[in-house]
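> The task is simple: from the sequences and hints, build the whole structure.
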Amino acid sequence: MSSITYLESQKDEYRILDQWLKAREYVYVGKDVKRIDALDKVTGRARYVEDFLVEGLTYARIVKSDIPHGVIEWIRPGRAVEHPDFIALVTCEDIPGLNQVGYYIPDQPALAEKKVRFHGEPVALIVSSKPDSLEELRNLVEVEIKPLKAVYDPLEALKDKVLVHEEHGSNIVLRTKVKKGDVSKALENTDYVVENVYKTGYQEHAYLEPEGALAIPMDGGMTIILPAQYPHLAQSIIARVLGYPQSKIRIIQPVIGGGFGGKDDMGPIIGAQAAIAAYKVRRPVLLVYTREDSFTSHCKRDPAYIRYKSGANRDGKLTFVDVEIIFDAGAYANRGPFTLWRATAHATGPYEVPNVDVRGILVYTNKVYQGSFRGFGNPQVQFAAERQMDELADKIGIDPLEFRLKNILRIGSRISTDQVLEDSVGVGEALVRVAEKCGWFEKRKKYGKIVDGKARGIGLACAWHGISTSRGVPDWCNAYINVSKDGSVSIYTGIVEIGQGTHTGLIQIAAEALGIPVEKINLIGGTTDAPDTGATHGSRGLSFGGVAILLAASKIREKVQKVASRIFECKPEDVEIRDGWVFEKIKPEKRISWEEAVKRCYAEGEELSATGYFFMPKGKFDEEKGQGFAYIVFSYMVSAVEVEVDLETGLTRILKVWPAICAGKIVNPKLAVTQIHGATVQGIGYTLMEEVVIEDGKIVNTNYTDYLIPTISDIPEIDEPIFVEDYFKFGPMGAKGLAEMALIPIPAAITNAIKHAVGVKPSEIPYTPEKLYRDLLRRMRE
Amino acid sequence: MIPEIEYHRFSRLEDALRFLSENPDSKIIAGGTDLLVQLRARKINVKKLVDIYNIGELRYISEDSGEVKIGALTTIEELKNSKIVEKYVQPLHIASRSFATWQVRNIATIGGNLCNASPAADTAPPLIVAGARLRLKSIRRERIVPIEEFFRGPGQTILNPDEVLVEVNIPKHSGQWFFNFMKLGRRVSHILSIVNVAVAVKLDGGRIEDVKIALGSVAPTPIRAKSVEEYLKNREATLENIEKSSLEVVKDIKPISDVRASAEYRIEMSKVMVKRCLREALKL
Amino acid sequence: MEKKKIIFKINGVEKTVEVEPNKTLLWLIREVLKLKGTKKACERGDCGLCTVLLNGEPVKSCLVLAVEVDGSEIVTVEGLSRDGELTPIQKAFIEHGALQCGFCTPAFVIVGHWLLNRNPNPSREEVVEALNGVLCRCTGYRPIIEAILDVAKKRK
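Protein chains in written order, with the working numbering: chain A, 1 to 782; chain B, 1 to 284; chain C, 1 to 156.
No wet-lab data here; the hints were simulated from the structure.
It cannot be assumed that every hint is accurate.
[Stated by the list, open to error] DSSO-like mimics (lysine-lysine), calculated; alpha carbons at most 30 Å apart, straight line: (1) K34(C) x K130(A); (2) K437(A) x K34(C); (3) K161(A) x K309(A); (4) K15(C) x K48(B); (5) K5(C) x K34(C); (6) K48(B) x K34(C); (7) K454(A) x K251(B); (8) K233(B) x K283(B); (9) K771(A) x K251(B); (10) K43(B) x K4(C); (11) K571(A) x K729(A); (12) K31(A) x K153(C); (13) K317(A) x K761(A); (14) K130(A) x K9(C); (15) K520(A) x K559(A); (16) K226(B) x K251(B).
Printed below as a string of structure tokens:
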């Protein structure tokens with residue numbers, strides 16, 4: 001049992017959030033407001049990091065290790081110095097501050113020092129006066145590395161025969177634990193037990209815009225135009241590397257060509273690299289990873305090895321879940337401690353399980369390092385959990401949907417960490433409605449038969465996903481809003497627009513709270529010029545970023561109400577602001593314009609700027625016991641998938657997907673739908689085709705010909721999403737996170753459907769046609 | 001970035017041929033959709049590029065009573081839109097429809113695709129089963145070779161440094177011929193083939209009088225499936241015979257494992273695709 | 001490296017430029033002419049983001065040498081909306097929210113524009129076929145198809 005700590009100092013904020021939550025009727029929130037960035041994007045005017053024209057610009061490229069594990073003997077410019085365009089070779093020796101870009105564990109250099117730990121690791125930067133000579137210059141640089149024995153398989157790495165980080169003493173980065181009840185006792189009294197091993201591979205973000213950073217030395221510090229997902233994190237890491245105070249580093253977000261978590265990790269790293277080069281050459285430096293560099297050298301979704309044992313009784317109630325999760329961190333821990341914790345906490349799936357034992361191990365290997373990617377450790381474990389649910393249902397002889405419904409989380413349920421869910425649990429309703437819409441029972445009966453070498457199947461899977469940071473890890477948000485004398489409004493937020501549309505949603509929230517049209521509002525986001533808002537990750541951009549904006553805007557609203565109440569001679573709370581007009585609720589015909597009210601405020605000494613700081617109430621998690629507070633709230637997702645399998649080739653066609661999401665209030669349905677579509681298709685790629693092929697530590701498929709992502713011809717029909725609006729008390733108007741959700745159930749939903757179609761038991765993704773074909777052969781032989 | 005290079009553009013074949021005879025260290029660019037990728041990746045190393053793309057005299061599709069003639073610089077998109085190709089060189093027409101993407105089809109030429117000699121080239125198996133012959137020309141001489149003799153290995157052909165592939169000749173088939181082309185990739189479109197197959201079958205009533213089958217991506221060059229052909233000749237065109245014949249393909253192919261597929265999978269899929277391609281061609 | 005003089009029209013304006021033979025059309029557009037709306041994302045013809053119209057037909061500008069466009073006419077995304085008036089395709093992309101990060105949007109807009117000029121009333125399959133040379137990692141493609149079909153429908 002855990003209890004949540006509320007802060008006395010935030011009482012006012014709780015009141016404001018509650019007031020908006022209860023309003024339920026909104027003018028701008030819940031509407032399909034058009035994206036504010038659409039015009040620039042359709043005309044080609046949007047400026048991405050590579051599109052800025054800067055006087056005196058120089059160009060940089062990473063020089064990479066072609067050895068997966070080794071000792072650096074030397075790095076020399078070699079004949080590059082003779083090239084007319086050569087400006088500098090930058091190595092770790094040029095770093096004025098600390099050569100450290102590690103996120104949680106300080107194990108990662110900005111540029112390799114003494115050792116290299118993966119093939120493709122940046123060891124230096126080559127700086128040129130012209131972009132077209134970078135490749136030639138890079139080839140001229142001499143790098144001598146003495147190879148060491150390397151380890152690639154995480155299970156092998158556990159034996160510690162080769163150490164990736166000697167100073168750490170072991171390849172095990174850390175262990176995680178969630179424990180409830182008594183699993184071994186439960187096992188004795190369980191009717192049906194299923195045990196399987198599940199494996200998932202790397203997933204490459206493959207955002208169309210590769211990583212880049214433009215560092216400009218100016219104003220006695222460094223300004224970096226940086227595609228990142230947390231400007232203040234990039235600021236602190238770059239400050240550390242340069243030995244500058246944080247305040248001397250200014251981060252500005254350009255338009256960003258996709259992030260999906262990858263630029264949360266890569267922003268600070270490439271930003272630091274560009275800044276080091278700019279520091280050395282004292283000129284602006286544009287560092288861009290080529291597509292190949294992006295494939296070889298940027299973080300990816302962590303591969304996982306999951307041993308999963310679970311049981312249920314004849315009545316269809318789960319009795320226990322016993323899981324071991326091994327996450328392959330690659331060469332550096334990066335976000336691994338957090339993706340693994342998330343996997344550990346979510347390992348049961350969204351079900352009530354009385355006895356739980358989940359053990360996680362994060363292990364180093366000599367491969368490209370793991371990173372944040374939509375779902376953040378959770379897709380791997382939901383694949384295992386939800387495949388396991390279908391296998392268990394099979395064993396009991398019960399319909400997989402009914403089995404889920406018997407165990408699904410509801411308000412008041414205790415999750416695996418023993419936290420009680422107090423509100424906002426819509427997943428049961430989502431399951432029922434999806435099943436109804438997709439014709440579940442009928443298709444379960446009808447499909448699974450081979451017709452002309454093909455078979456159809458239908459499967460579904462659930463997902464749950466804790467929003468924001470886990471356990472007691474502090475989480476806050478903030479925003480600054482200023483009303484100009486003409487009544488137009490500027491919002492400053494650290495939340496980054498990476499394509500998801502959050503900035504549009506944030507403006508809707510501000511418009512709602514201020515009672516003015518969205519056109520009057522300008523949002524400056526993704527910059528350290530705004531207060532520290534936390535990261536744009538964990539599906540928190542619109543929900544938590546929105547809380548801060550709602551609070552700041554509400555404070556300004558209250559000031560305008562106060563001034564207006566003196567005009568209308570009424571109580572401030574009886575003043576309404578709507579569509580740019582200010583009036584007394586009961587006498588709407590006697591009104592003044594928003595602009596007029598703003599003028600009055602300026603004239604009467606009422607400040608029209610405000611911040612909206614909010615500190616998320618949290619509880620405590622006992623790491624020793626493996627129990628306590630996990631997340632303040634969860635979003636939920638259910639997806640049903642219909643497939644057709646070609647038995648002769650192993651090709652799977654996804655025919656249709658039925659999504660349902662429980663993300664609280666939907667701020668902008670159109671944006672929500674596009675997020676669901678995008679995440680679903682990314683999940684299809686992850687499940688069926690996206691495979692990072694590594695030979696002797698080297699990634700061999702470093703382009704879009706050999707690493708396949710879904711094209712326009714690969715997409716299924718996607719049904720109109722079902723929104724179960726299970727309001728969350730600390731979200732803006734009750735909104736929870738949404739952007740990651742639709743990817744998470746897809747691997748299990750697809751593979752469950754394949755199982756239904758042809759009877760194989762997929763245990764590994766990507767489940768490529770070739771793997772499916774092999775499983776079919778094996779099954780036929782059996 | 002593409003390495004430094006000399007560029008020479010010609011709009012008359014004769015000028016290009018003369019230049020080539022005097023500059024054997026040249027490489028022909030005929031569209032360049034494959035070549036530029038290879039140059040950038042430094043997979044090939046050349047000093048001089050000879051751009052023949054603007055030689056209008058090599059861009060045509062024509063027919064006479066006996067054959068179809070396709071100029072080497074005809075784009076894949078032009079093949080796709082050609083009524084002549086659709087009527088007389090069906091498998092090539094089918095292949096051109098699923099060839100890469102529109103932006104590439106607009107530039108890529110049939111000559112470029114053949115001379116690039118990728119084992120996976122989608123235009124090769126169709127032309128092999130159609131009995132195509134290639135007209136190769138240098139300033140000194142001209143020769144005509146059956147397309148099957150043209151390829152020597154991945155990226156390698158019998159072309160001499162001074163020679164240009166100028167025309168593809170395809171005989172018109174008389175009698176009851178059935179053609180088809182199919183490819184298998186790991187994705188629906190915009191994909192390199194794991195295996196591709198073209199077939200040409202001549203029926204005499206229900207009996208298979210003549211048959212040609214060619215596959216790509218399963219050997220160092222596009223190849224004929226002669227064992228399958230042997231099996232089928234003079235047999236009845238039945239599902240059962242087709243199924244049995246397709247198993248013979250393992251004798252004809254030598255696939256490798258790569259990032260796209262294992263050799264074992266390619267072997268199995270060759271059987272499946274031969275069977276399907278024949279079955280669909282004969283509407284069985 | 002010896003530069004070659006080329007003369008071409010881009011977005012209706014005639015240009016004379018000297019360019020090295022190892023440079024691509026994409027380079028010419030982005031680095032010489034500084035038209036940054038055309039995107040570079042793979043430089044090997046896989047992604048289609050650098051698509052422009054060359055003599056009215058869509059091509060991947062990373063697969064064309066700059067010297068090859070001598071005497072040609074090029075249209076980039078900047079050349080679509082003349083006199084500040086958006087094309088129907090651009091309007092539809094805004095209306096349908098057919099974009100997210102926007103990095104692939106200029107390419108889809110160009111191909112969509114070209115498709116509707118060539119075939120004012122395409123089927124869904126024809127739209128898919130025309131667009132399958134451009135990758136998108138954000139949207140799942142569906143709203144892009146809808147936007148293009150909607151323009152065709154409204155024209156009818």
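> Would you check the hint for K43(B) and K4(C), treating anything up to 30 Å between C-alpha atoms as holding?
holds, 25 Å
> Are K520(A) and K559(A) close enough, with their CA atoms no more than 30 Å apart?
Within the cut-off at roughly 18 Å; holds.
> Take a quick look at whether K161(A) and K309(A) sit within 30 Å of each other, Cα to Cα.
Roughly 29 Å separates the two Cα atoms, so the pair holds.
> Tell me if the straight-line CA distance from K571(A) to K729(A) falls inside 30 Å.
Holds, because 27 Å separates the two Cα atoms, which is no more than 30 Å.
> Is K454(A) within 30 Å of K251(B), Cα to Cα?
Satisfied, since the Cα-Cα distance of roughly 28 Å is no more than 30 Å.
> Would you check the hint for K317(A) and K761(A), treating anything up to 30 Å between C-alpha atoms as holding?
holds, 22 Å
> When you check the alpha-carbon spacing of K34(C) and K130(A), does it fall within 30 Å?
The hint holds at about 15 Å.
> Is the straight-line distance between the alpha-carbon of K15(C) and that of K48(B) 30 Å or less?
holds, 26 Å
> Assess, step by step, whether the Cα of K437(A) is no farther than 30 Å from the Cα of K34(C), and give holds or violated.
violated, 51 Å
> Is K31(A) close enough to K153(C), meaning Cα to Cα at most 30 Å?
holds, 25 Å
> Against the 30 Å threshold, does the CA-CA distance of K233(B) and K283(B) hold or violate the hint?
holds, 18 Å
> Do the alpha carbons of K48(B) and K34(C) lie within 30 Å of each other, as the hint requires?
Within the cut-off at roughly 28 Å; holds.
When the structure is compared with the earlier hints, a violation turns up for hint 2 alone.
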